[in-house]
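So the chains spell out like this:
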Amino acid sequence: MSRVLVGVKRVIDYAVKIRVKPDKSGVVTDGVKHSMNPFDEIAVEEAVRMKEKKLASEVIAVSCGPSQAQETLRTALAMGADRAIHVEVAGAEYDTLQPIHVAKILAKLSQDEKADLVIVGKQAIDDDSNQTAQMTAALLDWPQGTFASKIEKTDGALTITREIDGGLEVIKTKIPAVLSADLRLNEPRYATLPNIMKAKKKPLKKVSAKDLGVDLAPRIKVVSVEDPPVRQAGSIIPDVDTLVAKLKEGGHV
Amino acid sequence: MLQKTCRDFAEGELKPNAAKYDRDHLYPGEAIKKLGELGLMAIAVPEKWGGAGLDYLAYAIALEEISRGCASAGVIMSVNNSLYLGPLSHWGTDKQKEQFVTPFCTGDPVGCFALSEPGNGSDAGAASTTAKDAGDKWILNGTKCWITNGYESKASVVFATTDKSLKHKGISAFVVPKPIKGLELGKKEDKLGIRGSSTCSLIYEDCEIPKENILGEPGFGFKIAMMTLDAGRIGIASQALGIAQASLDVAIEYASKRIAFGKPILKLQAIQNKLAEMALRLESARLLTWRAAWLKDNKNPYTKEAAMAKLAASEAATFLSHQCIQILGGMGYVSDMPAERHYRDARITEIYEGTSEIQRLVIAGQLIKEYGLN
Chain H
1 MSRVLVGVKR VIDYAVKIRV KPDKSGVVTD GVKHSMNPFD EIAVEEAVRM
51 KEKKLASEVI AVSCGPSQAQ ETLRTALAMG ADRAIHVEVA GAEYDTLQPI
101 HVAKILAKLS QDEKADLVIV GKQAIDDDSN QTAQMTAALL DWPQGTFASK
151 IEKTDGALTI TREIDGGLEV IKTKIPAVLS ADLRLNEPRY ATLPNIMKAK
201 KKPLKKVSAK DLGVDLAPRI KVVSVEDPPV RQAGSIIPDV DTLVAKLKEG
251 GHV
Chain G
1 MLQKTCRDFA EGELKPNAAK YDRDHLYPGE AIKKLGELGL MAIAVPEKWG
51 GAGLDYLAYA IALEEISRGC ASAGVIMSVN NSLYLGPLSH WGTDKQKEQF
101 VTPFCTGDPV GCFALSEPGN GSDAGAASTT AKDAGDKWIL NGTKCWITNG
151 YESKASVVFA TTDKSLKHKG ISAFVVPKPI KGLELGKKED KLGIRGSSTC
201 SLIYEDCEIP KENILGEPGF GFKIAMMTLD AGRIGIASQA LGIAQASLDV
251 AIEYASKRIA FGKPILKLQA IQNKLAEMAL RLESARLLTW RAAWLKDNKN
301 PYTKEAAMAK LAASEAATFL SHQCIQILGG MGYVSDMPAE RHYRDARITE
351 IYEGTSEIQR LVIAGQLIKE YGLN
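The listed protein sequences correspond, in order, to chains H and G.
Using the UniProt record's numbering, the first residue of the first sequence is number 1, and each one after it goes up by one.
Using the UniProt record's numbering, the first residue of the second sequence is number 1, and each one after it goes up by one.
The shape of chain H in the complex, shown without the other chains (with noise of 0.2 Å):
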């Protein structure tokens, strides 16, 4: 197994407070700190560690967004990651930036670069899609793992273990395969400052979705953003008929 594809979005900081804009039409992003998807960077842990165990040969980072995915792409360098590729996309075009576009992106990049695995986040912590892996692996026609927090190479196999509702799943598919990454995968590491400064270096390669021949037309419309309701205090029941009949009044039941 040589090339490891690992895809990396640049999202507001977890530890952000989310503030919709006042036109409804998104939420705040100027000026408000943005990091690397923290099940990206779980991701590119896992692709790094396995070059780290020879298993892969070079590990290539890949975002797609605004200038500033840059950043990102730098992060995984100084990770470990040997290069990146930014496909720019911009303005509206990024606004309405669905996960379709990306799998079809990813899809492009790994036939280009003749990957072998591509690994992205379960999903981003802004949209919480939870598609981009399994419609990349679709269009790739190529097996998935996702949800992965056990990943093992046996001779050209991969097994992996997959945190399911009920448990734990352990599949074994053929390589290439597409993965996503879930929590406890790995604990990503600090980049230190020596790679900081060597990520200076590495090549970052900048393509254009239509390089890639792929069509970035809107799928979808944002009609508005709303904060959520505001929490209504509840009221205290004295039994359990009167619950009953209280949620069967709402619809609830």
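Don't take every hint at face value.
Unchecked claim - Now the in silico label distances, taken between C-beta atoms and shown as ranges:
id, chain 1, residue 1, chain 2, residue 2, range
1, H, Asp126, G, Glu11, 16 to 24 Å
2, H, Pro66, G, Gln272, 45 to 53 Å
3, G, Gly262, H, Ile237, 44 to 52 Å
4, H, Glu52, G, Glu370, 49 to 57 Å
5, G, Gly262, H, Asp126, 31 to 39 Å
6, G, Leu185, H, Ile164, 58 to 66 Å
7, G, Leu287, H, Ile164, 32 to 40 Å
8, G, Lys369, H, Pro22, 50 to 58 Å
9, G, Gly262, H, Ser224, 19 to 27 Å
Quick caveat, the hints were computed from the structure, so don't treat them as lab data.
Backbone N, C-alpha and C define an ideal beta-carbon position, used for all residues, glycine too.
Position chain G relative to chain H; hints supplied.
Chain G in isolation, oriented as in the chain H frame:
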């Protein structure tokens, strides 16, 4: 990216343990080793000798983030970087660098800086520790006190008089390995703050060191000390900023949750006035610190700016930590909240590496020179 790495490390590894290091006077050896692995114990040392080869602005930012997590880790990092590795990288011979720089970039071992004596702190020119020329060796006699990293360090930059008649022009710098015959350590000081770092006296009695352990030329020691302290001041300023920032974080977080007079005290003007003043002093000190670092990185004179940074940042640290306790009220006075530790940690920043009074003299001296009136 550097700031993020340091902040993540400080939040993940230092902040949760800082109270323990303080309460039990524990040297955070494991954390320091990890700092070494990240390259943070030798930030400005050239890569050739084992350092990260970054500039002083990077150092200032990194040190502030680390100190924000744990002030003790901050001072250990600062002393190793600025006071120990600084002079050795600058004035050390290649052989000295191999022996005393490269191994000290990893976080284990660490070094220390021995200038102060029981008889002179601010009056550094009056150093009474002597180094006698004995042919193929030097013999050191004297006591150094208040030495940070005194216990754990495996080498020290020591200042001693080689010619008393030349007064401060007769002071030379030496690098002395530890432990060594003729060196005894005094008791570990029981300090008000930064209790995770060890502070003790180094007592030299007929301590013999090889002739080649002199750092720079004989008589050049005072200059080395002063130039090293200029850089060290940027370090300590950054440490003070970290403590100040930590205090601000605690104060705002608490004020947003504490309800009094029917609303969070964050909404009350008295508290808002305090927070505004705190933020102002912190930001001003930070800009002074970054400017001093920038001047140094661009090879400009920076003595005045470094002194201003250290003065502003240390006074900001004591002001912010004081106000933080005030905002927390009774909660600020107990060890359940870190406010009292920040208060105790902040206090030393106005004293070491040049007291606030000395900083004022340095600034005035530079000012007079600038106006051509000396």
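Problem - glutamate 370/G and glutamate 52/H - C-beta distance against the hinted 49 to 57 Å - result: 55 Å, holds
Problem - Supplied distance hint 16 to 24 Å, evaluated on CB atoms of aspartate 126/H and glutamate 11/G - result: 22 Å, holds
Practice task
With respect to the beta-carbon atoms only, verify the hint that leucine 185/G and isoleucine 164/H lie 58 to 66 Å apart.
Solution key: 59 Å, holds
Problem - Pairwise beta carbon distance, lysine 369/G to proline 22/H, judged against the given window 50 to 58 Å - result: 55 Å Cβ-Cβ, so the 50 to 58 Å window holds.
Exercise for the section: Determine whether the Cβ-Cβ distance between glycine 262/G and aspartate 126/H falls within the hinted range of 31 to 39 Å. Expected result: 36 Å, holds
Problem - Hint check for isoleucine 237/H and glycine 262/G - Cβ pair distance inside 44 to 52 Å - result: 29 Å, violated
Handout entry: Verdict for glycine 262/G, serine 224/H (Cβ pair) under range 19 to 27 Å
Key = 34 Å, violated
Exercise for the section: Take the C-beta atom of proline 66/H and the C-beta atom of glutamine 272/G, compute their distance, and say whether it sits inside 45 to 53 Å. Expected result: For proline 66/H and glutamine 272/G the Cβ distance comes to about 36 Å; the hint is violated.
Exercise for the section: For leucine 287/G and isoleucine 164/H, compare the CB-CB distance with the range 32 to 40 Å and indicate the outcome. Expected result: 52 Å, violated
Violated hints, listed in ascending order, are 2, 3, 7, 9; each of the other numbered hints is respected by the structure.
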